[in-house]
Structures are given as C-alpha cells and as structure tokens.
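*Asks:* If you want the building blocks of each chain, they are given just below.
Protein chains: 2
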Amino acid sequence: MSEHPENFEPADTVLDPRRITKILAAVADRDAGLLNDNLEGLHPADIADFLEQVSDGDRDAFLELWSGEDAGEVLSELDEGLREEVIGQLDPAALSEGVRDLETDDVVDLVEDLEDHQKEAILDALEDSDRFAVEQSLAFPEDSAGRLMQRNAVTAPEDWTVGQMIDHLRDSTDLPEQFYHVTLLDPRMCPVGNVTLGRLLSSSRATLLKDITEEVFIPIPVTETGEDVAYAFNQYHLISAPVVDEAGRIVGVITIDDAMIVLDEENEEDLLLLAGVSGETSLSDTVAETVRARLPWLAVNLLTAIIASLVISQFEDALTQVVALAVLMPIVASMGGNAGTQSLTVAVRALATRDLTGSNVTRVIRREALAGLANGVFFAVVMGLIGGLWFSSLTIGLVLGVAMIINLLVAGLSGILIPIALEKLDFDPALASGTFVTTVTDVVGFFAFLGLASYVLL
Amino acid sequence: MSEHPENFEPADTVLDPRRITKILAAVADRDAGLLNDNLEGLHPADIADFLEQVSDGDRDAFLELWSGEDAGEVLSELDEGLREEVIGQLDPAALSEGVRDLETDDVVDLVEDLEDHQKEAILDALEDSDRFAVEQSLAFPEDSAGRLMQRNAVTAPEDWTVGQMIDHLRDSTDLPEQFYHVTLLDPRMCPVGNVTLGRLLSSSRATLLKDITEEVFIPIPVTETGEDVAYAFNQYHLISAPVVDEAGRIVGVITIDDAMIVLDEENEEDLLLLAGVSGETSLSDTVAETVRARLPWLAVNLLTAIIASLVISQFEDALTQVVALAVLMPIVASMGGNAGTQSLTVAVRALATRDLTGSNVTRVIRREALAGLANGVFFAVVMGLIGGLWFSSLTIGLVLGVAMIINLLVAGLSGILIPIALEKLDFDPALASGTFVTTVTDVVGFFAFLGLASYVLL
Numbered sequence: 001m002s003e004h005p006e007n008f009e010p011a012d013t014v015l016d017p018r019r020i021t022k023i024l025a026a027v028a029d030r031d032a033g034l035l036n037d038n039l040e041g042l043h044p045a046d047i048a049d050f051l052e053q054v055s056d057g058d059r060d061a062f063l064e065l066w067s068g069e070d071a072g073e074v075l076s077e078l079d080e081g082l083r084e085e086v087i088g089q090l091d092p093a094a095l096s097e098g099v100r101d102l103e104t105d106d107v108v109d110l111v112e113d114l115e116d117h118q119k120e121a122i123l124d125a126l127e128d129s130d131r132f133a134v135e136q137s138l139a140f141p142e143d144s145a146g147r148l149m150q151r152n153a154v155t156a157p158e159d160w161t162v163g164q165m166i167d168h169l170r171d172s173t174d175l176p177e178q179f180y181h182v183t184l185l186d187p188r189m190c191p192v193g194n195v196t197l198g199r200l201l202s203s204s205r206a207t208l209l210k211d212i213t214e215e216v217f218i219p220i221p222v223t224e225t226g227e228d229v230a231y232a233f234n235q236y237h238l239i240s241a242p243v244v245d246e247a248g249r250i251v252g253v254i255t256i257d258d259a260m261i262v263l264d265e266e267n268e269e270d271l272l273l274l275a276g277v278s279g280e281t282s283l284s285d286t287v288a289e290t291v292r293a294r295l296p297w298l299a300v301n302l303l304t305a306i307i308a309s310l311v312i313s314q315f316e317d318a319l320t321q322v323v324a325l326a327v328l329m330p331i332v333a334s335m336g337g338n339a340g341t342q343s344l345t346v347a348v349r350a351l352a353t354r355d356l357t358g359s360n361v362t363r364v365i366r367r368e369a370l371a372g373l374a375n376g377v378f379f380a381v382v383m384g385l386i387g388g389l390w391f392s393s394l395t396i397g398l399v400l401g402v403a404m405i406i407n408l409l410v411a412g413l414s415g416i417l418i419p420i421a422l423e424k425l426d427f428d429p430a431l432a433s434g435t436f437v438t439t440v441t442d443v444v445g446f447f448a449f450l451g452l453a454s455y456v457l458l
Numbered sequence: 001m002s003e004h005p006e007n008f009e010p011a012d013t014v015l016d017p018r019r020i021t022k023i024l025a026a027v028a029d030r031d032a033g034l035l036n037d038n039l040e041g042l043h044p045a046d047i048a049d050f051l052e053q054v055s056d057g058d059r060d061a062f063l064e065l066w067s068g069e070d071a072g073e074v075l076s077e078l079d080e081g082l083r084e085e086v087i088g089q090l091d092p093a094a095l096s097e098g099v100r101d102l103e104t105d106d107v108v109d110l111v112e113d114l115e116d117h118q119k120e121a122i123l124d125a126l127e128d129s130d131r132f133a134v135e136q137s138l139a140f141p142e143d144s145a146g147r148l149m150q151r152n153a154v155t156a157p158e159d160w161t162v163g164q165m166i167d168h169l170r171d172s173t174d175l176p177e178q179f180y181h182v183t184l185l186d187p188r189m190c191p192v193g194n195v196t197l198g199r200l201l202s203s204s205r206a207t208l209l210k211d212i213t214e215e216v217f218i219p220i221p222v223t224e225t226g227e228d229v230a231y232a233f234n235q236y237h238l239i240s241a242p243v244v245d246e247a248g249r250i251v252g253v254i255t256i257d258d259a260m261i262v263l264d265e266e267n268e269e270d271l272l273l274l275a276g277v278s279g280e281t282s283l284s285d286t287v288a289e290t291v292r293a294r295l296p297w298l299a300v301n302l303l304t305a306i307i308a309s310l311v312i313s314q315f316e317d318a319l320t321q322v323v324a325l326a327v328l329m330p331i332v333a334s335m336g337g338n339a340g341t342q343s344l345t346v347a348v349r350a351l352a353t354r355d356l357t358g359s360n361v362t363r364v365i366r367r368e369a370l371a372g373l374a375n376g377v378f379f380a381v382v383m384g385l386i387g388g389l390w391f392s393s394l395t396i397g398l399v400l401g402v403a404m405i406i407n408l409l410v411a412g413l414s415g416i417l418i419p420i421a422l423e424k425l426d427f428d429p430a431l432a433s434g435t436f437v438t439t440v441t442d443v444v445g446f447f448a449f450l451g452l453a454s455y456v457l458l
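Protein chains in written order, with the UniProt record's numbering: chain F, 1 to 458; chain L, 1 to 458.
The hints are simulated quantities; they were obtained by calculation from the structure and are not laboratory data. Ideal Cβ placement from N, Cα and C applies to all residues, glycine included. Take these hints with a grain of salt, some might be off.
Unchecked claim - A few chain F positions that, by computed beta-carbon distances, are all more than 12 Å from chain L:
(1) LEU63
(2) LEU123
(3) SER129
(4) ASP130
(5) VAL456
Stated by the list, open to error - Listed below are several chain L residues computed to face chain F (Cβ distance under 10 Å; list not exhaustive):
(6) PHE179
(7) VAL182
(8) HIS237
(9) ILE312
(10) VAL382
As the list claims (entries may be wrong) - A few chain F residues that don't get close to chain L, going by computed Cβ distances all over 10 Å:
(11) ALA25
(12) GLY33
(13) ALA94
(14) SER96
(15) ARG100
(16) HIS117
(17) GLN118
(18) LEU138
(19) ALA139
(20) PRO157
(21) GLN164
Full structure from sequences and hints, please.
*Replies:* Spelled out as structure tokens, the structure:
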C-alpha cells in the first residue's frame, strides 16, 4: 500500500484545508515555484474550486504567479461568474495552449457566455477544424443538445466487422479523449445503432458490428433542451448518445458526464427558484450581486405580505375587541404556508422527474386534498384545545380549529394546483410557485380565522 | 429516415399518454396478448413509471396479465415503496428469471429494503457466485460504496500488454454488461491504474497497459458514503472507479450511471428536507403515508408558531391600543422568513456541493450579513413609507423600518449560521434548518416590531 499512496489517500490529490493553506502561503510569499509545486497533482476542478473560494486579492495574486498549466480545464470547471475575470488575468499564451487541449464541447461551454473580444481570443487559439466545430455548435440555441454535444463522434459504416473497426481505431490519430460507443451509420449518415467498446473488445474480429449493437439506442435531436437530454440519460441509463439533425443525420455525440452536470444544474435551479433565488447565483458573487439576485423576490413577497395585511385590516374591530385574535392569527397562516410548501415541493419535483402525468394527476390532486384535510383535522383538534385553554374561550378554540382545517385543505390544493397551472402555461413550475402558494395560505388563513371570529364573537 | 423510425421518433419507444391509454385499454379488456404487444419496445424504466402512475386497481390487473419480461429490470427501476407489493404479485418463475438477468449491484439495490422472505426468494433465484457477491455487498453498511459497487470488475496484471488484454477479453465469458476501464492490479490485488477501453482499442498490441493509464485515477474506499461517491464522480468526471478495502485491495467497481442516480437522490432529499418533507416520499404514496411524511414537520412548525404567538402576547396592550400593529406585524415576520430561506437555501446547496469551506466561510457569512442589511435598508424605506402613510403616523413608519432592518439582518445571518452549525454537529444541514430559521425570524420580527412600538407609542 505504501508503494501507491496516491491510490489510497485521495486526500493527497484533493483540495483539503492543509493543501489550501500551503497554496495560500506560497501565494503570500510570491513564490511561483513553490506555488506550482503545491498545485502538483491537483485536479483542474479543484484548482477551479480554489479560485472560487479564495478572496479576490488572493485570486489576483495567484493568477500572477500561476504557470497556467491546465488553464483550459480549470476555466471550463470555473463558475461562469468568474471566467471573464480569470481569463482577463491569464497569460494569453497559457490561455491559447489551454483551450487547444479542450474537447470542442468544453470550448463551447467555456465561450458561450463570454464577451465577444474574449470569445474571439479563444476561438483564434483553436485549430481551424476545432474552431469550425465550435462555431457550428454555437449556432444552435442556448441550452440545446447542439451546445452540449462533442462534434468528434466515433462512427463506422453499418456493414463493418469488429476487426475492421479495431484496425481503423488503431490507425486513427484524432480520437476523442473519452468515447464509449462506436455509432453505426447508414449510407445517409443516419445512426442506426451503438456498439459498446466492451462488446467490441470481447467479440471476434469476424463479428459484424450490426450484430452486437446495444438494445437501448436513443439518438437525440440536436434541438432538444438540456433538461430533456439529462432526463433521457438518467431515465435510460445512457452512457453516450448520437445527436442528429432534423434529417436524422449524425452531427455529434453527447456523453453522460455532460448530462450529469446538466442534471445537477437543473436540480440546483429548482432548489434555488423554490427559495426565491435566481438560479444564476454562486458563492463567489459579491454583496451587490447577491442583493440583486434576491431583492426582486423579496419585493414580490412584500406585495403578497401587504395583501395579507389588507385582509387583516378588514377586521380591525374584532382585533381591538379580542386581542387573542392578533396573538393567534399568525399560527393559522404559518401552518398553511408550511403545509402548502410541502405539497408544492413534492409537486415541483414530480414535474421535474416527469412522475406527475395525465395518468395520475387527478389521483395526486385528490391525495393532496385529503392529506391536507387530515392534517387540518389533526391540528384543528390540537390547536383548538391549546387556543381554547390559553384564552379560556371555547369559541376561540372552535374558530381556530375550523380556520385551521380550511387553510390546510386550501394549502394542499394550491400546493399541487399552482405548479401544475404554471407548467401548463409553459412557465417553470418552480418559479414563483412559492410566493403564490404562501399568498393564498396567508390570505385564506387570516380571512378564515378573523372572518369566522368576527362573525361569531361580535 | 422512414427506414429507421425507431431511431428518430423516441416517442415510439417512450411512455407517452397515447401509449398509456393503449396499455390501460388492453388491461381493461383483460387481453394479455394485446397488453404484451403494447409493451413491446418499452424500456423497463418506463414500465416502472407506468406501474407508479396508474391506480392500484389497474396495477393489480396489469400484473395479472403481464408476461413479466424484464421483470428484474422493471423492479430495480421501481419506487422502493412499490417493490414489495409488485414482487408479491409477480409469477415466481418470471421473478427468478428476471433477477438472474440483473447485475449484482442492481440485485443489491433491489433486495436491500425488502422483507426477509422476499429477499430470500430472490437470493435463492441467483447462481451461487452471484448470490455470494450480493451477500458480500449486503454485508457493507447501507448507503456505502460497498452497496453501490458492481463486484464483477475487469482487471489485468500491471505488466500485461494491449494484445494480451484483448485476447483475454475475447476469451472471457462472464464480462459485465457495461464496463469502461480495465483496472491494473499489482501482485497484491491493489489497483494501480485505469486504462480506458478507447485507449486500449486505439493502441498497438505491443503497448504496455501501464503506459496508457488515465491521468485521473481515484480508487474509492468500500466504506465511503454514497454522497461522497457521487461527489467524486461529479467533481472529477469519473466514468468508473475501482472500490478498495482498507488494505487497498480491489473489491469491486462503481460506474457513473449508479453515481448519477445517487447524486439525483441526494439533490431530491435536500429539496424535500428543506420543505419539511421526509426524503422517503413518492408520488405513489397513499394518503396515510403522505400524512405520516408531513405531519411531524407541521407539528414542529406548530411549536415554533406558538412560540411566536407567545412573543406577540407579551404586547397585548400595544395591540389593543394601536390596531395598526396587528395589521403590519405579519409583514416584518414574512419578509424575514423569506430572506432567511433565501440565504439558507444557498448555504445548504453550497454545503452539499462543498463550495462552502473553511477558506471562504467567514467571507460568505459577512456577505450574507451585508446583503441582509442592504435588503433591510431598502425595504425599511419602502415599507416605512407605506406603513407611515397607510396609518398616517411617522412613528409607525419608523418603527416598521427599523424592525425590518433588524429582521432582515438577522435573517441573513441565521440563514447561513444555522446550516453551518448543523453541519458541524454532523446533522444534515437541510434537515430542520428551515424551521429554525423561520422561528428566529418570526420571533425577532414580532419582538423587534412590537417591542419598539410599545416602547415608542405607549
């Protein structure tokens, strides 16, 4: 084991606090040699994380000293928010060399959000064939399969044998760094099947490729959205899939590592949107960027809060006469908001994973309503007792209980119906659902509780 | 194109509403032949989705008629909540045949949560070697690399050549369905490097395997958690990685498709936990299961709501004298709750992706505090004006503004500090963070607003 420490102590190759301290020390001493020694063996993704985590000052100092080795990989791993800044500080030579090492799909991802002059500088660094491939990908709509795909697909005529293919691969000089299938093409360049490299390696040279193709074969239209691509890879456990134009001709290939990144980003976006944070945020954002990402949603929430207050203000008489109402009313609203958020989140996730469909939507709606009702009854009893005893008033307990049932039923229903409605209207169901739902539960909660109370008590 | 419709119309091979209707019709007619025709070409994952989406009655009728083809695949794609039920209704012969087709890692995933008698029935169906492999995996802790891994790794002595390896693969009869690397082992069976099949295929027969190993090589300790495995695959773009015991000897291999599933599940768990839904829920849950998954969290929220009400009740005098306070107080609390949820969600995500570390935590905390303060000042002005004009009282406007600043600052801080604290205490930061944060913002919001008001107005 001691002979291969690098194998069994990932800590040595990853970015642990010890490593960060050593790197920062080298940066502080302005010691380029020591710095680059300390970067030895670090994965570009970890160097990117380092750049995202350190202060602006340390980042600038680092970039002055850094050899720029793997600069391309590091940039494509880096937060989009930081790329322009880092590119601007990189030595142009290191930058050009770095981007030439990248696969074309990584170059596309790297340049698509850059300002034109930086984009140009990077495209100029590429060989003509790669530049052409990148520009073709950039011609496809943002967040489409065309942007995700690697142009350099490994293909073979459908009538080739294993032997022919292996010989061909041995002679090829320009194979992609990673590939998992040989895609069989008919004479019109349309993919007709995938052969895994494993099958290729374990079959006799005389075997026809078309006889060992994979059962699951799903070519991806070049205009398909990244979300749909990620879904297909996750649902059908694809490792790579050919990308085809509207005529069904192959234009590239997408591999699972890219699909995994998209899936992760989609999940992150839903998580943040549900919390009212615009999906574009990152930890390296400045205070100003952070405020900008959150203030709009708080503004929307302010409006909904004011609506709730307007409802409350309709019952000033009741509130002045029975102060208990002011004390208890937030409970009804808060319980409704939480119950609504629960069913909302389940619905948004189910829509994202396509588990909520025409065939079960009515049953799920019914379930949410019943679950809301059941929770409502339970908490009506509990809170009715507490409230009744607290203010030694049976009426208050009853009013509280009934309002609780109404609001939790409404919460369950709005939690499922609002995201479904947004989806139908082609909005992202995660977007603003939360605000709608809590507005409903606040308004209904206050109205039901205070309305009932003034009706019964005054 | 028409020659290969299956290639370019995934709709034909996926589960669209048209397909579902046809299947349900066949089920309604109790027509087994027609049913199994309609299932033709459907991916097991889609059949599983179908079973999850239809009503219990349709599912039972379907299972009576179903040929049980691909039963193993379908089961391993199925919601854990439904597996026992479906297994119970399957024809034992189809079940045994189905599980024999599965890779051992899928069998492990399938049986780990089953009741003993069903687990036994499935293990009995396996060949001895597979059964042994499955039982060894089951001996590792739940949610560990040992449970995720496929036992059947493709390996070679470190001194082999490409030619030797290819000949060996051609002669092998028991290769895994999917494999992407040949893992080189030293004489002590410790992995020392990975060779991608692409490199193997494109190198001359005389090439030594050890000369074409991949740069990034990260063996995974068998006890590592699924979350750490998913992180490693996502961070370092691994396709497959050898799993090693404490002595560094190979015990299996994990492939990216399994890591992708874990990553997706971890994301889903965080999303649901943040909303106060226990991670185990699924759309096929009954009303009772749904209530059970959500009631506990609502109960916790009820406690926090009562605490908030206790705070309010301290200011009954003020509330009875100035009804405006009852009308406006929910606004302060609601804005705080939303701002807190925003920074909380960003923090939870950053902890999950390991972007929030010792090297940037102080800066991020500072940022959240400043962003909260900035938003606080903005909404203090806006809401101070609105409140002041609404009740034509400068004092109320001022009190509202100051309370807003205090609460949004506290919201930003608690949103970042609470998840960090939970993580330090080895709790899942997504767990209960939301409740803690909103409790803080409710209490602080009501206390600051009503406290200030009674101090100034009475």
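*Asks:* Each hint: holds or not?
*Replies:* Outcome of the hint check:
Non-interface status of LEU63 (chain F) relative to chain L is upheld: no Cβ of that chain comes within 12 Å, the nearest being about 16 Å off. Distance check on LEU123 (chain F): its Cβ is at least 24 Å (rounded) from any Cβ of chain L, clearing the 12 Å threshold; non-interface status holds. Chain L leaves SER129 (chain F) outside its interface by the beta-carbon criterion, the shortest separation being 19 Å against a cut-off of 12 Å. Look at ASP130 (chain F): its CB is around 19 Å from the nearest CB on chain L, clear of 12 Å, so calling it non-interface holds up.
Its beta-carbon lying about 18 Å from the closest one in chain L, VAL456 (chain F) satisfies the requirement of being farther than 12 Å from that chain. A distance limit of 10 Å between C-beta atoms decides the matter here; for PHE179 (chain L) the minimum to chain F is near 5 Å, and the interface restraint holds. Using the Cβ-Cβ criterion of 10 Å, the hint placing VAL182 (chain L) at the interface with chain F is satisfied: the shortest such distance is roughly 9 Å. Satisfaction of the interface hint for HIS237 (chain L) is found here, the shortest Cβ-Cβ separation to chain F being roughly 5 Å, below the 10 Å cut-off.
Contact between ILE312 (chain L) and chain F, as hinted, is supported at the beta carbon level, the nearest pair being about 5 Å apart and thus within 10 Å. The beta carbon of VAL382 (chain L) comes within 7 Å of a beta carbon in chain F, closer than 10 Å, and the hint placing it at the interface holds. Every Cβ of chain L is farther than 10 Å from the Cβ of ALA25 (chain F); the closest lies at roughly 13 Å, confirming the non-interface assignment. The claim that GLY33 (chain F) lies off the interface holds: its Cβ sits roughly 22 Å from the closest Cβ of chain L, which is beyond the 10 Å cut-off.
Listed as outside the interface, ALA94 (chain F) is consistent with that label: its C-beta sits roughly 19 Å from the nearest C-beta of chain L, beyond the 10 Å cut-off. With a least CB separation of 21 Å from chain L, SER96 (chain F) remains clear of the 10 Å interface cut-off, as annotated. Here ARG100 (chain F) stays apart from chain L, with its beta-carbon at least about 17 Å from theirs, past the 10 Å limit. With a least beta-carbon separation of about 29 Å from chain L, HIS117 (chain F) lies farther than 10 Å from that chain, consistent with its non-interface assignment.
The Cβ of GLN118 (chain F) lies farther than 10 Å from every Cβ of chain L, with a closest approach of about 24 Å, so its non-interface assignment holds. Residue placement check: LEU138 (chain F) keeps its beta carbon more than 10 Å from all beta carbons of chain L (closest about 22 Å). Distance check on ALA139 (chain F): its Cβ is at least 21 Å (rounded) from any Cβ of chain L, clearing the 10 Å threshold; non-interface status holds. At the 10 Å boundary, the C-beta of PRO157 (chain F) stays outside the reach of chain L, the nearest C-beta of that chain being 15 Å off.
Chain L leaves GLN164 (chain F) outside its interface by the beta-carbon criterion, the shortest separation being 12 Å against a cut-off of 10 Å.
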